[in-house]
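4 protein chains.
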Amino acid sequence: MHKEWVWEQSFAMTESVEEIVTDLAVIARGFYARGWLLGTSGNLSAVVRRDPLELAITASGVDKGQLIPKQILMIDENTRVLSEHAAGDSPGFIRSSDKNHTVYKPSDETLLHIRIVKERGAGAVLHTHSLWNTILSEVHAGERGIQIEGYEMLKGLEGVRTHQHSEWVPIIENSQDMPALADTVSSVLERHPQAHGFLIKRHGLYSWGKDLAQAKRHIEIIEFLLETLGQTATLKSRRS
Amino acid sequence: MHKEWVWEQSFAMTESVEEIVTDLAVIARGFYARGWLLGTSGNLSAVVRRDPLELAITASGVDKGQLIPKQILMIDENTRVLSEHAAGDSPGFIRSSDKNHTVYKPSDETLLHIRIVKERGAGAVLHTHSLWNTILSEVHAGERGIQIEGYEMLKGLEGVRTHQHSEWVPIIENSQDMPALADTVSSVLERHPQAHGFLIKRHGLYSWGKDLAQAKRHIEIIEFLLETLGQTATLKSRRS
Amino acid sequence: MHKEWVWEQSFAMTESVEEIVTDLAVIARGFYARGWLLGTSGNLSAVVRRDPLELAITASGVDKGQLIPKQILMIDENTRVLSEHAAGDSPGFIRSSDKNHTVYKPSDETLLHIRIVKERGAGAVLHTHSLWNTILSEVHAGERGIQIEGYEMLKGLEGVRTHQHSEWVPIIENSQDMPALADTVSSVLERHPQAHGFLIKRHGLYSWGKDLAQAKRHIEIIEFLLETLGQTATLKSRRS
Amino acid sequence: MHKEWVWEQSFAMTESVEEIVTDLAVIARGFYARGWLLGTSGNLSAVVRRDPLELAITASGVDKGQLIPKQILMIDENTRVLSEHAAGDSPGFIRSSDKNHTVYKPSDETLLHIRIVKERGAGAVLHTHSLWNTILSEVHAGERGIQIEGYEMLKGLEGVRTHQHSEWVPIIENSQDMPALADTVSSVLERHPQAHGFLIKRHGLYSWGKDLAQAKRHIEIIEFLLETLGQTATLKSRRS
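Chains as they are written, first to last, in this note's numbering: chain V, 5 to 244; chain F, 5 to 244; chain D, 5 to 244; chain R, 5 to 244.
Hints in this document: simulated from the structure, not taken from any laboratory. Any given hint could be a false lead.
The calculated lysine-lysine pairs, modelled on BS3-like cross-linking and capped at a C-alpha distance of 27 Å, are [stated by the list, open to error]:
id	chain 1	residue 1	chain 2	residue 2
1	V	K205	V	K109
2	D	K159	R	K240
3	F	K240	V	K240
4	V	K240	R	K240
5	R	K109	F	K205
Beta-carbon label-pair distances, calculated as ranges [unchecked claim]:
id	chain 1	residue 1	chain 2	residue 2	range
6	R	S170	V	E22	56 to 62 Å
7	D	P197	R	E147	35 to 41 Å
8	D	M182	R	E162	29 to 35 Å
9	F	R148	V	S191	42 to 48 Å
10	R	P183	D	E23	38 to 44 Å
11	D	P183	R	S191	57 to 63 Å
12	D	I72	F	Q198	49 to 55 Å
13	F	E177	D	I72	54 to 60 Å
14	F	E194	R	E162	36 to 42 Å
15	F	G163	R	E177	53 to 59 Å
On a predicted model such as this, the values are computed, not experimentally measured, just so you know. We put the CB at the ideal spot given by N, CA and C, even for glycine.
Hey, can you work out the whole structure from these sequences and the hints?
Structure follows, in structure tokens:
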């Protein structure tokens, strides 16, 4: 509780669109450098306003290592672009470096971000495509999830107080039918109210937090633990 | 289709030689940092003009982590250097830091870049020497290619709409006879019209796109998927 | 001896709080970039004054890749925050970028830092959560330590003169009872007077030095050797 | 031959002490970032004058990620420091950031650098402590060397014209008796006149070139190929 209060200060708190956009760009470049957002993959979002919902989210198909403010869109709960809340300076979504006007579009997965914001009350949602979340989402698909327990790193997950905590990371089948996938996400979130993230098979990781600082922390922790499990499985077999 | 149109905006579009040269240098430094262009390996090119063909391409034997504009050459379809289109400011190819005049030469592999530009109508061609493309090009040489399917990341490849897509990455025998190798590349491109890239055994990966943004995206996606396959093969054997 | 004297010059020596704070931030960002301090994990400290003891230490739950001076606290030997020695410019612990006042708290593990400072006479203590220290702390838990010998890199550990040196890195059971864990640390340090660091199972590595330069060197060496042991075990089994 | 002539232009050519010192610092920081010079390990040198020999070499025990000009020493062929040729601005070897005067000393391994400069006519010698050169120097110690053949990357080694080249990387037993080790190095260089580098068991890699550009290229190529061999051995066993 006190700890949580400290957590929420551990990153540049942002209220204005400009500050959220800056933090999204900083996180995007850092995760891209780690190889978690290669090939324009992944999506990052943060809540700008709750009622009515306004979400700042990275546009579809943009290079996360090159992210510029105008590539972050303001959308409503129906994924409609609210152009009058365009990030960065007007006019609208024209890239400073463009010779021609560019209209960026939200990713199809924006639906999943909105679902998570609503059902978890999240203030930020981050989605990464890392080597190890892709690998383990396939290796453990049969069990429909991954059990992680006994690691100190787990204490960084909101509300966790001991390394003895057991975290279940659900794995969902991948699909291109976004409304159907969003419904699956909803039911998984409902069945696993304690989960801090979930995997989509051979696709990637979703995690979230009350703000960007907490969501970033959760992604880093789950990515670290997934690689730890993968490399430990390899090494241990060596010794038996 | 709409998606493709968004894709092509996802990177600084460039028309002028100066802009192409800047983007090539940015990509070179980024790929070098990932270990994909060590030891002066690899080549990067982009089309400056179609008719007659003018290609901007990295010179032979230059450090990709230190790339400067004068190390990018303008060549014609016969790989002749068009000195009057020298990148950077005159005079010609003299390095600002040189005590003596340096004449940079195009790589022998320039032939392959031109072949890909002509047969795929590519606007940019990128060639990397990564750890995992080198390893898998040997491990799968017997099958003469690598099948990649079922990964969401595949959707980042131009024209792919679902993770259920099956991508075949052909593997070509390496050779120092460039005209012969170029002919092999032509026949492989013809036999695999859907391929987004190919491997040369124990040598490296070639991919391309309609512009530098798309070619960069394709390289990042194929490199990511090759490492995923390699690490998954290792991990899975652990468990059986 | 002469060597030691040179060692202690091998990093920006710092006396003032401002210089210590700068070096802690530089080390934090560097280790974070290597993935040794993800998810706000780990703690870094340096002695500002010996008598009475004043320790500069990173606050609980702060992003090590974003560390700013005000997130480094000055504490006494009872882990009380000495606000009048607040790092950075006044007023107190308010983050420049905060909209509201933030009070940072020392980590629970501050107790371990103080114990190491007192029992080893250390001038700096660094604690990392790396992939390989987490993995080997589990794999070797049964032996309650890891033997490292025969590596040239060992010579970088203070007082070691040959690669034939045999270093024992003790492994301690993890616990959330900090006073109890601190006592365990004390007895381990007493039983292993030559040890340059220790592991806490599935938690992380602690190392230290006479100053930040030496502590940084020790962490880098032990992390390097742990990964070397892990990857060697994997590769060797390949060949047998 | 023509190729060689291009090679030697592929990096900022330097004549003055100031330029050599700058290039050594750039290479040191880059290799440190890759984890090849952790814990103050490794040494980098370049010839400033041939007759009498003057060598610029990194001082013992300095942080390669923090290298400053005054930590690069000018020595003669007997490893004596030529203070009157001190790098950087006078006075002598006092670190700008030091509160007290610091006298940096050459590493004991300076002897090996001088031996390589004399016996290979090298203009630069680089010594790295990477994860994979440490691992393979142990794994292949029984064969007293590592055979590398069939990789395109080999063509980046000076004088190599085809991937069919077979490179033998000798492995020497480690020793703290530097004169004896230097003699062993001499006899190994004599027995293997074509070698571009050698390993010292559980210690590290030495490579060299006619200038810093070529030596940097050789280190990057050999490090890349050693990791390729190590990871391939792991993966292949997976499949048999």
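How the hints compare with the structure:
With a C-alpha separation of about 25 Å, the suggested pair K205 of chain V and K109 of chain V falls inside the 27 Å cut-off, and the hint holds. A hinted pair counts as satisfied when its Cα atoms are at most 27 Å apart, and K159 of chain D with K240 of chain R does not qualify at roughly 35 Å. For the suggested pair K240 of chain F and K240 of chain V, the alpha carbons sit about 13 Å apart, so the restraint of at most 27 Å is met. Our distance criterion of 27 Å between C-alpha atoms is met by K240 of chain V and K240 of chain R, whose separation comes to about 18 Å.
Restraint check for K109 of chain R and K205 of chain F: not satisfied, since their Cα atoms lie roughly 47 Å apart, outside the 27 Å limit. Our hint of 56 to 62 Å for S170 of chain R and E22 of chain V holds, since their Cβ atoms are close to 59 Å apart. One distance hint, 35 to 41 Å for the beta-carbon pair P197 of chain D and E147 of chain R, holds here, with the actual separation near 40 Å. A beta carbon spacing of about 58 Å between M182 of chain D and E162 of chain R contradicts the range 29 to 35 Å that was offered as a hint.
Under the hint 42 to 48 Å, the C-beta atoms of R148 of chain F and S191 of chain V, about 44 Å apart, fit the expected range. At about 41 Å, the CB distance of P183 of chain R to E23 of chain D agrees with the hint of 38 to 44 Å. Hint check: P183 of chain D to S191 of chain R, Cβ distance near 60 Å, so the stated range 57 to 63 Å holds. Evaluation of the 49 to 55 Å hint for I72 of chain D and Q198 of chain F yields a pass: the beta carbon distance comes to about 51 Å.
At roughly 55 Å, the beta carbons of E177 of chain F and I72 of chain D sit within the given window of 54 to 60 Å. The given range of 36 to 42 Å is respected by E194 of chain F and E162 of chain R, whose C-beta atoms sit roughly 38 Å from each other. As the Cβ distance of G163 of chain F to E177 of chain R is approximately 57 Å, the hint placing it in 53 to 59 Å holds.
Violated hints for the displayed structure, listed by number in ascending order: 2, 5 and 8.
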